[in-house]
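Colleague: Next come the chains, spelled out residue by residue.
There are 4 protein chains.
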Amino acid sequence: MYNGLTVESDKLKEECGVFGVYGKEGDGLARTTYYGLYALQHRGQESAGIAVARDGKIMHHKQMGLVSEVFDDVLLEELEGSIACGHVRYSTVGDSHVINAQPLVVKYRNGSLALAHNGNLVNAVHLRGQLEQEGVIFQTSVDSEVIANLVARKDKGDILEAVKETMNCIRGAYALIIMTSARLIGVRDPNGIRPLSLGIKDGRYMLSSESCAFDTVGAKLIRDIEPGEMVVIDGDGLQSFYSDGPRANRLCVFEFIYFGRPDSVMGGKNIYMSRRRAGANLFKEHPADADIVISVPDSGTAAAIGYSEASGIPFVEGLVKNRYVGRTFIQPKQRQREIGVALKLNVLEDMVKGKRVVMVDDSIIRGTTSRNLVRMLKNAGAVEVHFRVSSPPVQHPCYFGIDTPDRENLVGANFTVEEIRDKIEADSLGYLSLEGLIEAVGDCREYCHACFSGNYPI
Amino acid sequence: MYNGLTVESDKLKEECGVFGVYGKEGDGLARTTYYGLYALQHRGQESAGIAVARDGKIMHHKQMGLVSEVFDDVLLEELEGSIACGHVRYSTVGDSHVINAQPLVVKYRNGSLALAHNGNLVNAVHLRGQLEQEGVIFQTSVDSEVIANLVARKDKGDILEAVKETMNCIRGAYALIIMTSARLIGVRDPNGIRPLSLGIKDGRYMLSSESCAFDTVGAKLIRDIEPGEMVVIDGDGLQSFYSDGPRANRLCVFEFIYFGRPDSVMGGKNIYMSRRRAGANLFKEHPADADIVISVPDSGTAAAIGYSEASGIPFVEGLVKNRYVGRTFIQPKQRQREIGVALKLNVLEDMVKGKRVVMVDDSIIRGTTSRNLVRMLKNAGAVEVHFRVSSPPVQHPCYFGIDTPDRENLVGANFTVEEIRDKIEADSLGYLSLEGLIEAVGDCREYCHACFSGNYPI
Amino acid sequence: MYNGLTVESDKLKEECGVFGVYGKEGDGLARTTYYGLYALQHRGQESAGIAVARDGKIMHHKQMGLVSEVFDDVLLEELEGSIACGHVRYSTVGDSHVINAQPLVVKYRNGSLALAHNGNLVNAVHLRGQLEQEGVIFQTSVDSEVIANLVARKDKGDILEAVKETMNCIRGAYALIIMTSARLIGVRDPNGIRPLSLGIKDGRYMLSSESCAFDTVGAKLIRDIEPGEMVVIDGDGLQSFYSDGPRANRLCVFEFIYFGRPDSVMGGKNIYMSRRRAGANLFKEHPADADIVISVPDSGTAAAIGYSEASGIPFVEGLVKNRYVGRTFIQPKQRQREIGVALKLNVLEDMVKGKRVVMVDDSIIRGTTSRNLVRMLKNAGAVEVHFRVSSPPVQHPCYFGIDTPDRENLVGANFTVEEIRDKIEADSLGYLSLEGLIEAVGDCREYCHACFSGNYPI
Amino acid sequence: MYNGLTVESDKLKEECGVFGVYGKEGDGLARTTYYGLYALQHRGQESAGIAVARDGKIMHHKQMGLVSEVFDDVLLEELEGSIACGHVRYSTVGDSHVINAQPLVVKYRNGSLALAHNGNLVNAVHLRGQLEQEGVIFQTSVDSEVIANLVARKDKGDILEAVKETMNCIRGAYALIIMTSARLIGVRDPNGIRPLSLGIKDGRYMLSSESCAFDTVGAKLIRDIEPGEMVVIDGDGLQSFYSDGPRANRLCVFEFIYFGRPDSVMGGKNIYMSRRRAGANLFKEHPADADIVISVPDSGTAAAIGYSEASGIPFVEGLVKNRYVGRTFIQPKQRQREIGVALKLNVLEDMVKGKRVVMVDDSIIRGTTSRNLVRMLKNAGAVEVHFRVSSPPVQHPCYFGIDTPDRENLVGANFTVEEIRDKIEADSLGYLSLEGLIEAVGDCREYCHACFSGNYPI
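Chains as they are written, first to last, in the numbering used here: chain A, 1 to 458; chain B, 1 to 458; chain C, 1 to 458; chain D, 1 to 458.
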C-alpha cells in the first residue's frame, strides 16, 4: 500500500528485535515491553506486537506500523499480565502482511505459546517440508511457525525438553523468546549469531535483543545469553540449559558495524567504542592527506571520530540530516530523482568548500547514495573527497536474517575497489580490512563475517 | 473497540456467508465475489475476505468491517485470479479478531488451500483435542482451522479423497467452500443444515450460501448442493460426490424465518413466499379481532402481509425504520435508554391511533424490543395490541452456527406464553406452531428446528 | 476521494437537516443533538457537525461522514454545553470539503455565533458580491457564511434586530438555526419553503427540520415554525417575531413526496398519510387492469399501498432491497454495469411471474433505474408492467436547496409521457397530476411545486 | 486527541514554515512545494497545507499531521497549478484545529487569495477588534485571517498597493507568502524578525523560510527578502517594493541557536558555523578543566564541537539519540516518569565513565531535561559534569511567534545561574553571554534577542 520509497534504501536491513519480561500482574509489563520495543525500533519498523500471559491465557495485539502507531494507552491497559513479550519486524515487501507479524501465538495440547524470533533458519524449508509431509499446515511464511510446530510436537509434557529438542533440529540463526502461561524462555542458537541479552530491574528478569532497551526501561544488563543457551524464567527464578553439540561464538559482526544501537553492549563490548576503534584502524590502513574528516550521519559518525582522533585531522560535521525523514515519502518524478538523497542529507558548504575531505561511512551496499554524496560535496566546493568505509566490501549474501540485495546489486561483489572508486567518483577509496574490523570489535572471539568473507558458520 | 451497541441486538445472529466462482484470469472474479458477498452481507457484518488462485498460488485479503469497507478498487485489481472465493463473518465479541476472519489460507504438502466455512462443528473441541494430541498447533478459534488440518493430513495426493474422509470425521453443520490452486470445491454436511447453492453465468459455475447473490451478479441458480454432497469444479467441469453414511434434509428452518434474504430460494422454496404463508397460518392459529395488521420492519413484513391476506384485516405500515441505522451508534446514557429502539423505529401515529392493532414479528428472543414497541404503539393511541409471532418460541440453544443468547436471556425458554404476553404488555400474544411453520415452509422435508423443539439432528 | 458510485443516484437530493436544543449544562445536549441528527440523517449524508455554547463560548466539531462516523463518546462528552445545535449536509461533489461543513462558527464584535442552514438563497451571489465590494472575504461556498456576515454587520448590540434585518435582505429558502452563547434562534423564510418545527421535552425547547427527530429523542412536536417567523429561545422562555412584508405558505411539496421521513409531520400533515392518499389519487387518475400492486422500496411503498387500497388490487412485495447498501461501493466494470441496480434491488420472482404488475414509485428523475426495474420484472416473468408515479413529471430545476440534475438529464423535461413510457419499456405509464398531489397532501395550503409547474414562489 | 507527550517538550517551539514557487502548469509545483515543506518540517509538525493557482482559481488541501502524512501522490497530482505555496504549522494544543491550518484561502471582490504566515502580530487583537467593529466575522484564530481581511478591504484593484497598506497597519513579526491567481508575493516585516529567503531553479523563483528547502529541491539561494520588503513574482519576473517608515535588521537570534536547520543560511550566515563559533566563545567565557566535551544531540552538537576546538578538549559522543522517537508516545505511569528522557537519549557509559565531562546544550528552558541528563551521566560514572549553554538564559516571553512557556516554568526567569546549577545538579554551569552570542552569529547586525534581554524591537 505504500506509495513512497524508503530513504534508507542503501543500507542492509535487520529483520527483527525481541523483548520479554517476567513479573507479576499490576507491574505494567505490557508498558515495559512497549518502551523496550521503542528502544529496539531500529531493528524493525514494519510491524510490532506484544503478547502477555494472564491467568493461564495468552492475549496479544500486533499490527503493521511503528511501535508508537500500533499501541495506545487503552490497548496497553488491556494487555495487563504477569509475563510479556514483544517483537518488532522488518521484512521484504512480499511478506509484508499482518499475518506474519509476531509474536506468533498458538494453542497446542499443553496450553498456549507466544514466540518472538529474530534470525533465520537455514533448514526452514527442509523442516517445513518434513512437517508438511506429516500433515502440518502453515498459515504464515515466518520461521516462528516452524519452530512453534516443532515445540508443540516435541512437548510431551515438558516444555523445556521440547525446546531443547527443537534446538537440536533447527539450524541457523535464532534469538528466540518463548512465552508460556507460566514461563519466559530465552534461546540463542549454538553459534550465537543473533544477539540476546539478559537484564534485571527490581528483581524482574528481562530479555532483549540489545541492552539499550534495558537502559531505556531503567534495568541493568546482566550478561548475554550464551550461544546454545536456553534460559528459563519463572516463579522459581532463572535456570540455564545448554544445547547438545558444539557451541561457538559467531555473533554477527554487522551488529557492530551498523545494526546495533551505539549505546548497546554485545559480547561485553560497547558498540560505539568498536566503531570508533574501527575508524582508527581505518586510518591506519587507509590514511589520507586531507583537511577534514566528515561522516555520513548517523551511522558513520563514530568511525569518523575514530579516524579523526587517529589521524589528527579535525572531525567536522559536513552533512546535515533532516530529522523528520520518515519511513516513506512521495517518490520524486523521474527528473527530480536526485531529490531522494537531498531530502535526507544536505551539505554544510562552509565546512567543506575548498577542503580536502575524508568522508567516512559504515558500509557501501549499492553505491548509489555514496556517489550522490560525493557529487554533493564536490558541488559544494570540496576539492578532494576521500571515501573511507569502516568495514570490508559486502560480497556475499546473508542467510541468517539480514536482507541483502541480489548479488547483481551488491557493488562489492561485482567490482574491484578501484572500479567502485570510479563509480562513486571519489578521489580515493579505502575499505577497512576484515582483520582491522575484528581487531576493532575486539578480543579473541570469532564473529560471523560471512557477508565479507563467505566463511559461513553453518 | 466499538463503543456503541448494535440496534439489531434482539435478533439471533447468523454466523457466516460464503461465495465462490470458477473461471479464468481476466474474468474479474474477485469483483464478482465482491458483489456476491455484498448480496450476502446480512449473513455477517464483522469481517470480510476474498482469496483468489492464480498461477498455482493463492492470494487473499481479509479485514474487519463490511464488504464495502474492506475492499477498494486497487485491492480487487490485485486479486485477479482464475478461481475466487469469499466469506463474510459475524461473531461474538470474544473472538472478534482479524486472525479469525476467513477465508483461511494455508500451505500444506500438496499446495495451498483456502477455506470458507459457514456453520459449526459439534465435535470441533474433540477434533482439536485429537489433533493437538498429535502435535498440531492452532492459531485461530475457527472451525476452518480444524477442517484445514484434517484435509491436509488426509491428503496423500488426492484432495477429493481427503475432503471426503474429512466429511466422515467432522460432525455438525457446515457449508464449506474449499479452493485449491486448480479447483473450487463445495461441501454441505450430510444433514444439510446450512445452505449452499450452485449457480452459473456464462458457463462459469458459482457457489453461494444464498441464491440472492446469483441474482445480484446476473447468474442463474441451478440447484442446492445436496446434503452430504461434494461438488468439484475445475477445468473438466463439475463433478459430484457423496458422503458415506446416512444423509438427511435438515436445513435450518430459521433461514426461512429470519436469516435468509427474502429473495433467496432454498430447497426450491422462495423464502418470501414461505414467510407469507407462515403469516397466513399464524392467522389461522391465532386470529385477532382487529382493525389493522402492521409489521415490525423489515423482517416481519412478509408474514404480516400473509396475516392480512388470510384475515382480510388491512395491512398498513405502522412502524417506520430509520434506514441509516448502522451497526453501531453511541450508547445512550442511562436516562436516555429508551432511545435505543426509537433510533431504529418510530410509530406512524395516524395509522394506529384509536386502532386495534395486530403487530407481526418473525421471532421474539429477549423480549425487550417487543415490549418497547408495544409501549410505543399504546403511547401513539393504539387501543389494543395483539402481538403475533410467525415462529414458535425459541427455547433451545443452537449448536450449528447460530449465536443464541444464554438460556436466561431467552424469554421463550423461561416463561409461558401468557407470562411473555404480560412482560411485553400486549393484549394478546400468539406464536405460530411448529406444525404451522413447517407447513408454511413446505413439502415433506424435515428441517432442523431444534431451537424450537430441542430435537437436534445430531 | 470516493471511488464508488451511490446507489441512490436516480433520486433528487435534499441538501440539509438542522437540529437545536436549549437547556442547561449537564443535560447532555450534544448527545440529544447527536440522536436528533441521527434521525435526520436522510437529509444529508456527506458531513455532520455539532456546536455547543458553554460559559459564553462556542465549541464545535464537524467532519465529513455520517453522524455515527463523525462523533464518538469522547467528543460528545467534550461538547458539554447549555445550548446545542447541529447539521447534516449533502452536497454536490465540487463543494464537498470539510470547510463547507456546518454549523458555521464565527466570532464577531458581539461574541460568537453558530449557524446551521437548510435551503438556498436565490440572491446569495448578489449579496456575496455586495459584501465583497465592502471588503468582505469568504472562506467557504455555503450561504451560511453570507448570512453570518449580514447578521454580524447588522448587529449593533441587538442580535434579534440583526436577524430580522437579515431576513429582509436574504431571499430564497431557509430554515435556519442560529446559536449565540445565550440564545437559540430558529428562522424560517417568509414562504416557508424548507421545514422547521418546534418541539419540547421536559421543558426544554428544541428545533428540528422534521418532527421525527423529536420522536427519536422522546420530545413532543409543538408546531411548525411559521413562514417568516423567528423564534428566540433563552432563559426567559420562547418569544416569537415575524418578518416584515408578505408571508405565504409555500412548503416544498417534495418533502411530502420523497425527502421527508414518513413518520414526520409537516404543516400538521403526516407525510406517510399524504403518500398513501397520493397513491389512492394515482389510481383514480390512472387505473390499471392488473393482478398485483408492488412498490419500488422504500420510497414508493406508501403510495403503492394507497393505490392498492383504492383499486382493490392486492399489494404485494415484488422487489427486495439489500439493507446493507451503503453510500458507496466499487463501481462495476463496463460489462457488469447492470449490477448497479441489482446490488440494491432484486425481484421476488414467485410474486410477479405470470402477473400483470402495477409498479409504483414516488418519482422518475433520469429514468434509467425505472427501465432497469421494468426489465427485471419482465425477466422474472411479469406479463405486463404498468408504471405509476405518485407525483407529476419533474420538469424544472429547483433553486431552493434541492440538487436537480441538468435539464438534459431530467427525463420529464425532455420527453412526453408516452416517450418516457417507451424509454422505460413499461406497458403503461401514469403520473399523478399536480392537482391530485395537492389534494393528497391536503388542505388549502399553497405549496412550492415549481419543479413540476415552473411556478416559483420567488 | 493525542494521548502521548512530546519528547521535545523542553525546547522552545517555532510556529511555522512557509514555501512558495512560481512557474507554469506541468512543472509539478505542488510536488516541489511538498519537498520544500518536507525540508521545513522542523518548523512545524502539527499541520501542513498546499495551495495552487490554476486557471484563475485557487485550490488547496490542508490537514493535521506531518507533510508526509497529509499528502499522497493522488493529491499532489490533483494540485497541479502554475503557482504554489505551502505551510507547516506548530501550535499550542488549544488552537490545534484543522480550521487553523494554513494556507488560508479566501475569495474576495478581486478574486482569490492564499496566505501563509510565519510570525505573530502584536496588534492582532486590536486589529481584530477594529475589523469586528466594522462588522467582520472571524472563523479562525490565526493572524492570517486578520491580514486577509485587511488586504481584501484595502484592495481597490491594486493588490500590491493593498499589501503595502496592510504592512503599514500590522505590527509584529511576519514572513508572509500571498498567492493570487496570477502572482506570488513575499513579504517580511520591517524588523525582519522572521526569516524569508528567495531562491531560483531553472528560472523559477521560489520563496522559503529557510534556504535548506532550496537545497532540497535543487534550487539556489539568491538572497534574503529584506526587512520591510515585498517581492512580487509574476509573468514579468520579480519586482521589489519597500514599506514606509523605518526598517531594521532584527532577525530572531534564536533561529541561529535552535530553530533554523544547521544547513540553512540566514542573513548571509550559515547557521551551523554560527553555532560552532558560539561554542568557541562559550569556552572563552566559561572554560572548564575537563577530559571530554559531549553534546546534547542533535541541537547542541555544533556548539560542542566549537567548544572542543577552542579548548582542545576532545569532542566525543556521550549521548545517543533514539532516531525513531516520534512526536508522541504513550505517557509513562507515574513511577516510570524517568523513562521520558531515557526513551530519547541514552549515555555511552564507556565514553563518560571516570571522566570529567563538559556537556553542551543550545539552551535551557524548563531545566528538567538538563537535570535528568546530568543524573544519567553521573549514574554512568562521570566524575564531574560541567554544563555549558551556547546562549544566555531565556528570561522573557516572545511575542513574535515563538511559544515560550509561562514565566513560572522558565527556569532562567526565576533563578540565578547558581540556583539553576544547583537544580540541575551540575558541577558548574555557564551560559554564553549575549555579546558572545552576537559575536558568534556575526557582523554588525542587530538581532532580536528580547527573550534574553527583554529588549523588544517593537
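Don't take every hint at face value.
25 Å max Cα-Cα, derived BS3-like pairs, lysine-lysine [claimed, not checked]:
#1 K321(A) / K378(D)
#2 K201(D) / K11(A)
#3 K201(D) / K201(A)
#4 K344(A) / K284(D)
#5 K220(A) / K220(D)
#6 K344(B) / K11(C)
#7 K269(D) / K201(A)
#8 K107(C) / K201(D)
#9 K201(A) / K154(D)
#10 K220(B) / K107(A)
#11 K107(C) / K220(B)
#12 K423(C) / K344(B)
#13 K321(A) / K201(D)
#14 K220(C) / K355(B)
The set of hints was computed from the structure by calculation and includes no laboratory data.
Colleague: Under the criterion that the straight-line Cα-Cα distance not exceed 25 Å, is the pair K201(D), K11(A) satisfied?
Modeller: With a Cα-Cα distance of about 31 Å, the restraint between K201(D) and K11(A) is violated, given a limit of 25 Å.
Colleague: Keeping to a limit of 25 Å between CA atoms, is the pair of K269(D) and K201(A) held or broken?
Modeller: violated (49 Å)
Colleague: Is the straight-line distance between the alpha-carbon of K423(C) and that of K344(B) 25 Å or less?
Modeller: violated (38 Å)
Colleague: Regarding the pair K107(C) and K201(D), is the alpha-carbon distance no greater than 25 Å?
Modeller: With Cα atoms ~43 Å apart, K107(C) and K201(D) exceed 25 Å; violated.
Colleague: Mind checking the alpha carbons of K220(C) and K355(B) for me, to see if they're no more than 25 Å apart?
Modeller: Given pair K220(C), K355(B) holds - Cα atoms ~21 Å apart, limit 25 Å.
Colleague: Measure nothing beyond the straight line between the CA atoms of K107(C) and K220(B); if it is 25 Å or shorter, mark the hint as holding.
Modeller: violated (62 Å)
Colleague: Decide if the proposed pair is consistent with the structure: K321(A) and K201(D), CA atoms, cutoff 25 Å inclusive.
Modeller: holds (22 Å)
Colleague: Would the hint linking K344(B) and K11(C) be met if the CA-CA limit is 25 Å?
Modeller: holds (23 Å)
Colleague: Take the C-alpha atoms of K220(B) and K107(A), compute the straight-line distance between them, and say whether it is at most 25 Å.
Modeller: Distance ~43 Å between K220(B) and K107(A) Cα, so the pair is violated.
Colleague: Does K201(A) sit within 25 Å of K201(D), going by the straight-line distance between their CA atoms?
Modeller: Roughly 57 Å separates the two Cα atoms, so the pair is violated.
Colleague: K201(A) and K154(D): Cα distance at most 25 Å?
Modeller: violated (67 Å)
Colleague: K344(A) and K284(D) were given as a pair; does the straight-line alpha-carbon distance stay at or below 25 Å?
Modeller: violated (34 Å)
Violation of the numbered hints given earlier is confined to hints 1, 2, 3, 4, 5, 7, 8, 9, 10, 11, 12; the remaining hints are satisfied by the structure.
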